[in-house]
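K.L.:
Protein sequences, first through last, are from chains L and P.
Numbering-wise (the numbering used here), the first sequence opens with residue 1 and increments by one.
Numbering-wise (the numbering used here), the second sequence opens with residue 1 and increments by one.
These are computed hints drawn from the structure, not numbers from a lab.
Mixed in with the good hints, there may be bad ones.
A pair counts as met if it fits within one copy or between any two copies, since identical chains are not told apart.
Here are the simulated DSS-like pairs of lysine-lysine, each with C-alpha atoms no more than 27 Å apart in a straight line [said to hold, decoys possible]:
1) 286 with 77
2) 211 with 286
3) 77 with 292
4) 177 with 325
Number of protein chains: 2
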Amino acid sequence: MNTKVFEKSVSNSKYDQNQVSNDESNVTKTYLQSSQLVKAHTTVEKVSFDLSAYLSKQQVLVEAALEQSIYVVYPEKIYESMRYSLLAGGKRLRPILCIASCELCGGTVEMAMPTACALEMFHTASLIHDDLPAMDNDDYRRGKLTNHKVYGEDTAILAGDGLLAYAFKFVVEKTNKVPAERLLQVVDQLSYAIGAGGLVGGQIVDLASEKLHNIDIETLNFIHRHKTGVLLQASVVSGAILAGANDEALQPLSRYAHNIGLAFQIIDDVLDITATTEELGKTAGKDLLAQKATYPSLLGIEESKLQAQELIDEAKAELASFGEKAIPLMAIADYIIARTH
Amino acid sequence: MNTKVFEKSVSNSKYDQNQVSNDESNVTKTYLQSSQLVKAHTTVEKVSFDLSAYLSKQQVLVEAALEQSIYVVYPEKIYESMRYSLLAGGKRLRPILCIASCELCGGTVEMAMPTACALEMFHTASLIHDDLPAMDNDDYRRGKLTNHKVYGEDTAILAGDGLLAYAFKFVVEKTNKVPAERLLQVVDQLSYAIGAGGLVGGQIVDLASEKLHNIDIETLNFIHRHKTGVLLQASVVSGAILAGANDEALQPLSRYAHNIGLAFQIIDDVLDITATTEELGKTAGKDLLAQKATYPSLLGIEESKLQAQELIDEAKAELASFGEKAIPLMAIADYIIARTH
């Protein structure tokens, strides 16, 4: 059995992977400009970037947009339940990635924001459905009672459906200054990511695997690639499409997103063991209790962390050609591995 | 309490509502060409139209397209369960309306077919979720076991989500020869129809109303307008948009669809009382057993039928200005009221 989490992608090995250490990712850090390093081989310019401030600022923007995205009208219960889960906090990683990618490719926050909100609606919809008794049967999510515990199973199913539907409407109606062709490409990316080729496909294999206790690393990769990776990829790629990026930019961004997606999930599995319920905002130790196959259970905690780090390093190497503009996405990659919840 | 199902819309009363009797709607009929009647006041041309043959032909086209729409790949279970419900038969009313409306406005079957299939995917997704134990708890649909009875609740929830997502992808990727702006309008129409402003909103009020036994006609109208009417309206309007119809054509088509949508639901309620389980392909008499408020329970069977007929007549009157080309849509309106299942 191949115990390697991923195939090594063709990456630019000249990019200095050791420029930052993980435990510093929430404070102001000094980034080497990889493009300078790679292209000129001479000058090494230093750029200061406060990731913590950046994430906070972006989170405030996204929260404000989400707060305005759904109004409560008759029949109130459905809108309230949609808002309850959508506005329950969370890292807002997908919207932030979308915006960062759009800006990296020359677009604006305004161009990206409706899609950014839609990504969070999709993510929330999948969480609501995954938490249902017929699925993962979770009582807590983001430190609050899950949707069906508050509104009932019937409403929770409909709230998920409502968010899925509304996200598409939101993208189409609220996006300005983006040509129709690009918006259609975004709709295409999004619908792929949340369907059987993405989230739904990952969840169905996850559910089937729960009954087995000897799944292999390929199956585990499939699950997480689909449950997490594809929507993260759609977040980054959609942002770039909105800005009018060409294939030359889309390819490395897509590989970046693929790598951070898998690293994100490895760290999630590690945190399920090492973090507390309070830190996570959801029940900790659940995987162990369910004897669920995870990266740590297959590889051990230390090897899992190492492989996650390698994925993050490769992700950052993909951004080398973008230069200084890619620093937010690089910093987000570091954040993914250094987070404690 | 207003016992009138609908407000009388401003319709062209010159259109001869008595030209066909209901019980003939499945055989070849003679249609007066209303446009001739209205515009010329002189000639009355007779056009022969075989509705039964028309519906069969369109159904075959739609079934073939649906059959090709989803392939079974890994993870097989999710695709099999999506196909199970999507290909379980049914009248294919929404696709047929979409195609008829597109052709009426100068478009082709090819332009409409991906959207036509998407409409059936949305409809199927909502049926799968509505049938769940947490919702209407139905064991049979279209004469077959419901999705969750065959595949389990978890897969049924995901099959619904998968169909919702895939429908958008299908429209965007499979539609040819339609400008991007029009396709975006279609995505907008569809996402509205299946969300809290449409199907989801209707279902939540329906679920809440089941616990009450004294709901009024306005609430009943809200439920059915949203559970049935909005998607039928999206079917007709989307077809017209794909063909490039302007507002002058969209308005009467939208009112036509609104009226046949409500008539459809009234007849559904009547059939729940008068038809057998075998005829319906789903459990008959369920509304009575659940003491559910329906049009017959509020208005009586005969008055319900009368009001449905009035809605159909008004719907057909809306099509007067389209002339002979509107005959398929007129015949479908007649079919809705004359159907036995």
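K.L.:
State for each hint whether it applies.
P.N.:
Going through the hints against the structure:
1. 286 with 77: So residue 286 and residue 77 pass the 27 Å test across copies only (26 Å; inside, 31 Å).
2. 211 with 286: within (15 Å within a copy, 36 Å between copies)
3. 77 with 292: between (35 Å within a copy, 21 Å between copies)
4. 177 with 325: Classified as within; 22 Å inside a copy, 38 Å across copies.
Consistency note: the structure conflicts with none of the earlier hints.
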